[in-house]
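Protein chains: 4
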Amino acid sequence: MKRDTQDRKPKVRRMLDKVGVTNLKTLVQTMWGGRLYKFVPKIQLTIDLPESRKGAHLSRLVEAISEAIEEESRETHGSLEGLGKNILVKLGRKHQFKSGEVVIETDLVVFRKTPVSGRDSAESHEIKVKVRRDGAEYTKALSVRVYGNTVCPHSIEISGRPHIQRAIGMLELETSLGNSINLEDMIDVVEGAFSSRVYTLLKSEDEASVVRSMYANPKFVEDVCRGIIHGARKFKRCRVNAKVISEESIHRHDVIAEASASY
Amino acid sequence: MKRDTQDRKPKVRRMLDKVGVTNLKTLVQTMWGGRLYKFVPKIQLTIDLPESRKGAHLSRLVEAISEAIEEESRETHGSLEGLGKNILVKLGRKHQFKSGEVVIETDLVVFRKTPVSGRDSAESHEIKVKVRRDGAEYTKALSVRVYGNTVCPHSIEISGRPHIQRAIGMLELETSLGNSINLEDMIDVVEGAFSSRVYTLLKSEDEASVVRSMYANPKFVEDVCRGIIHGARKFKRCRVNAKVISEESIHRHDVIAEASASY
Amino acid sequence: MKRDTQDRKPKVRRMLDKVGVTNLKTLVQTMWGGRLYKFVPKIQLTIDLPESRKGAHLSRLVEAISEAIEEESRETHGSLEGLGKNILVKLGRKHQFKSGEVVIETDLVVFRKTPVSGRDSAESHEIKVKVRRDGAEYTKALSVRVYGNTVCPHSIEISGRPHIQRAIGMLELETSLGNSINLEDMIDVVEGAFSSRVYTLLKSEDEASVVRSMYANPKFVEDVCRGIIHGARKFKRCRVNAKVISEESIHRHDVIAEASASY
Amino acid sequence: MKRDTQDRKPKVRRMLDKVGVTNLKTLVQTMWGGRLYKFVPKIQLTIDLPESRKGAHLSRLVEAISEAIEEESRETHGSLEGLGKNILVKLGRKHQFKSGEVVIETDLVVFRKTPVSGRDSAESHEIKVKVRRDGAEYTKALSVRVYGNTVCPHSIEISGRPHIQRAIGMLELETSLGNSINLEDMIDVVEGAFSSRVYTLLKSEDEASVVRSMYANPKFVEDVCRGIIHGARKFKRCRVNAKVISEESIHRHDVIAEASASY
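Residue numbers (the numbering used here), protein chains in the order written: chain A, 380 to 642; chain B, 380 to 642; chain C, 380 to 642; chain D, 380 to 642.
Derived by calculation from the structure, the hints in this document are not laboratory data. Don't take each hint at face value.
A pair counts as met if it fits within one copy or between any two copies, since identical chains are not told apart.
Unchecked claim - Cut-off 16 Å, straight-line C-alpha distance, at most; resulting in silico cross-link-like pairs (EDC-like, lysine to aspartate or glutamate):
| # | residue 1 | residue 2 |
| --- | --- | --- |
| 1 | Lys388 | Asp486 |
| 2 | Lys404 | Asp486 |
| 3 | Lys582 | Asp499 |
| 4 | Lys492 | Glu442 |
| 5 | Lys582 | Glu442 |
| 6 | Lys507 | Glu563 |
Bound-form chain A, shown alone:
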C-alpha cells in the first residue's frame, strides 16, 4: 500500500513544535443538571511533529474534536477542560504525538443580582481553556477577560475629581489539570479588583450605588493589577498572570499593567 504524503520524509528536517487546526468554530453540547447547553466556541488543536514526518494527518485532529464533542454531549457533568482532555485522549488513539494542546475560547455568562434593586443581570465574559499533554502529564491554563473600570487617584489629588474609564482585567492560571478551579471564582477575583463591578442592567438606584463605589475606591491600573494578583492567592499550586488595560478617557491611547506570581 502506498504511503500517504504526510508519512514521507520532508526535504527539510526540522522538528515542529505545533501543527494543527485553528480558528475552528463548532457546536459543543454539554449536559448539566439534565439540561442541554449549546454553544459555538473557537477551537485550536495542535500536536508536535518529528523531523522525520512531512505532515500531520489533520483530518484525524478534526475527527478527535468531533468524537469528543459527541461523547461529552451525553455526559451529565461536562466541562470545557473535560472536553479538552477527551479530545487529546481521542487524538492519542489516532495519531502519534509527544505533546498536544487544545485551546477552547468562548463566552461565559454569569448571573448577578444588581446592587440595590436586586434584579437579575446576565454578565458575559470571554474565557479561554487550554489543556496540554506532554507525554502522560496533563496541565491546563484557564483565562478570563473581565470588564470593569479605573478611577484615577492622581486626578483627584490635582483637581479634586477623578477621570474614570472602562478597564479590562485578564487573569490566567497555569496549573495541573486535576487542580479544581472554578472560572466563576476567577471572574470574581478580577471584578473585585476594580474600582467597581459593572452590570448590564442598572436602574437609577443601582447606577447611583455603582458610581458611589467608584468614587470610594479610586484605583490606578497598577492598583487593579496588584489587586488581581493578590486576590488570586486563593488559587493554590498555580502560576498566575495578570494584565489590565485601561481605556483612558483623557487620552487616545490605553494604559497597561502586567504582573505574575506563583502560589
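Chains B, C and D: place on chain A using the hints.
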C-alpha cells in the same frame, strides 16, 4: 416629582435617528423540540429620539431585552426574529418611539454529510437578524456570511491551471417580518454559488471530491456574486444584497464583487 | 486574437454594482511645502460591470492606483481626494465603467498645544476619503473618527457625581468633489462636541484642566451626537452623518447615537 | 513639597513586570538619504515598577516618546530600533526602572519587480520592532508578517490536483540590539519559503508565471514553516520563532504550524 435628566429639553434641538445600546452580549435560550438551546449573541437595540427629549431611558432597553429573552425561553418554537419582535413589543410598553430596531448577531451551526464518506460535519456560519418597527409596521433583514472558494478561470486559460483561494459570500434579504425565510436556505444558496462547498471534516476521499468539484467549476468572484443573486430569486418579495470577497492566493489584497436585486 | 476570459459573456446575466480590489495597502507619497510625506493607506477601488461581461480586468485597477500614486508624488499640493480622482481618471483610460469608486483609509496626525503647559502633542485620527464617479460627475464622502469622552449628567443628578468614559465620535460629509472641506476642520467639530478634548501628552496641570472641563460639560452620548450635527452646519451643501459610541464605564456594553442632516 | 500620588506606597505590595502606555499612535519621521519619511506606527512603552511605588509617571513615558521622535527626525540614518533605543535612553533620564521595553508596529513597503513583465510592484508587510533594556543591556525582537500561499501536495496525490490558498508566514528574531539585521532580508526568507511569492500588481504573463511556480512547489503549511526556520539560519546569534497560518480553501478553519530554533 422631579423629572429625570433624560426627560428634559436638550440645549441643541435635533432629532436623533438612533439611540440605544450596542455590543451587548447576553445569554439567549430557546426551546426547540423539547430541548433547551443556549447561545451568547451580540445585540444592538436602538430607537429614534425626538428633538424635545434630552435622552433615552437606556435601562428600559436593557430590561426589554432581558424580559423578552426570559419569555422566549419558555416558548417551544423560538426564533431569533421572534425574539427581535418581542424585544420591540416589550420596549413599546416601556418607552415611546416611532421607529425601533434590534440587531442580533450570532453563529449558526448546520450539519452536513461529507460528499463521499458520508460523515456528519458541523459547519458554522455567522448570521445577523435585524427586526425593525416603523409605527405599526415590522420589517426584517436577514444576513448570512458563508465560506467557500474561487477558482480562477482566467488563470486556467493563460497557464493551464487555476489559482484557488478561500472566498466569503454574504447574502442579505430585506423583507416584511411575516415573510417566512429559512436561514439554512440562505446559506445553501451562497454555498451553491461557489466553485465548491467546503467542509470542516474531510477524509481523503472527500477531499479528492471537493478538489474535483473545484476544478470542474472555475469561477471569478464576479461569477459567485451573480450566482448568489440568481439563486436568491427563490426568496419572494425580498430586496436582495450580495457581496463576495475573495482572499487572493496570488496577491496580498482581496477582490470584491457586489450586486443587488428585487424579487 | 483570442478574447480574454473577462471579456466573454457570463452564464448568469446580472449587472454588478461593484467589482474591484479591496484591502490593498500601498505606499502613497505626497509633496507638501517641499517635503515628501509617506504613508501606507488601505485602498478599495471598484467599478460597475455590465451583465454582458464576465469579469473586470483587475490588474488595470491596480495599475491605475500605481500610476496615480506615482504621478501625485511629484505634485506640490497633493491631497487624498486629488489622488482618488486621479485614480478614477487613469482608470477611465484603461477600463470602461459607468460608475467607479475609490476609498482611501489612513491615519491623520494633527498637532495641538496642550491646554495649560502649552506643549506640542501629536494627535492621531482615523480618516476615510471616498471619491465616486458617476458618468462625468464626481462626488466625495469624507469621514473622521475621533476620540473623546462622555460625562453622564443623569449620574450627577442621582448620585452627585458622574460616571465618565471614552467615547468615539464619527462625522461623515457627502458632497460634490469640488466643495473644499478640510479634514482638520471636521476633526475640530467632533472634538468640540465632547465633554472635553483629549490629548496624547498631558502634564499634571493639563490633566487637571481637562478633568475640570469634563465636569463642567456633562454630556450624554445623545448630546455629543447633536453637538456634532450642529457643529457641522458650517459645512455647506453637504449631507451630514454623525455617530457616537460611548464605551460605558459602568456597563460591559456600549451606548450609541446616530443622526443626519442636510445643509 | 507634597509627594505625587504615584510616589506613595501602595496598599498591596507587589512588583509589577510592566506598567506603561499602549496602542499609542503617533507620527514618526525619519530622514533617509536626504528625504523625510513619515508614518504613524502603534507604540507600546512599559517599565517595571517596584513594590514600594504606587504608580508610574506615565506622562514621562509619553514625553520620552515625543522627544526621541523629535530628535530622530533630524538624523540622516534613522531606524526603528534606533528610535526604540533612544526612547529608552530618554526615559532613563526621567524615570527610574530596571527593565524597560518599547514595541513599535507599522507597515513596511518593499518594491519588487514583477516576475515576467518586470514592473515595479509595491508590497506591504506588517512589521514589529521591540527593543528591551535590562539594566545596561539592550536586546531586540524583530518580527515580520508576510503573505504567500500553500499548495497541497496530498491533494495532488489523491486527486491529481492541489487545493491552493493564501497563507501568512511570521518570522521573529530575538537577538542583541547590536546584531545588524535587515527587515527586508527577513521578509525575503519568509517569501522564499512559500509555494510562490505573491505580488500586488500582476499582468497576465506574470500571473501565469506565479501560478506555474505554485504548481511546481507544492507545500504543506509544515513545509513552509520548516522552510522559514531553515532559511533563517543566515541570521547569526538569534533565537528564531516561525509561525505559518494557511487559510484553507476547502475548510472553514485555518491550519497552523510553529517551530523555533537557535542559531
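Okay, the hints, checked on the actual structure:
1. Lys388 / Asp486: neither (41 Å within a copy, 37 Å between copies)
2. Lys404 / Asp486: Both, since 13 Å and 9 Å are each at most 16 Å.
3. Lys582 / Asp499: within (12 Å within a copy, 43 Å between copies)
4. Lys492 / Glu442: between (41 Å within a copy, 14 Å between copies)
5. Lys582 / Glu442: Cα proximity of Lys582 and Glu442: across copies only (9 Å, versus 48 Å in one copy).
6. Lys507 / Glu563: within (13 Å within a copy, 29 Å between copies)
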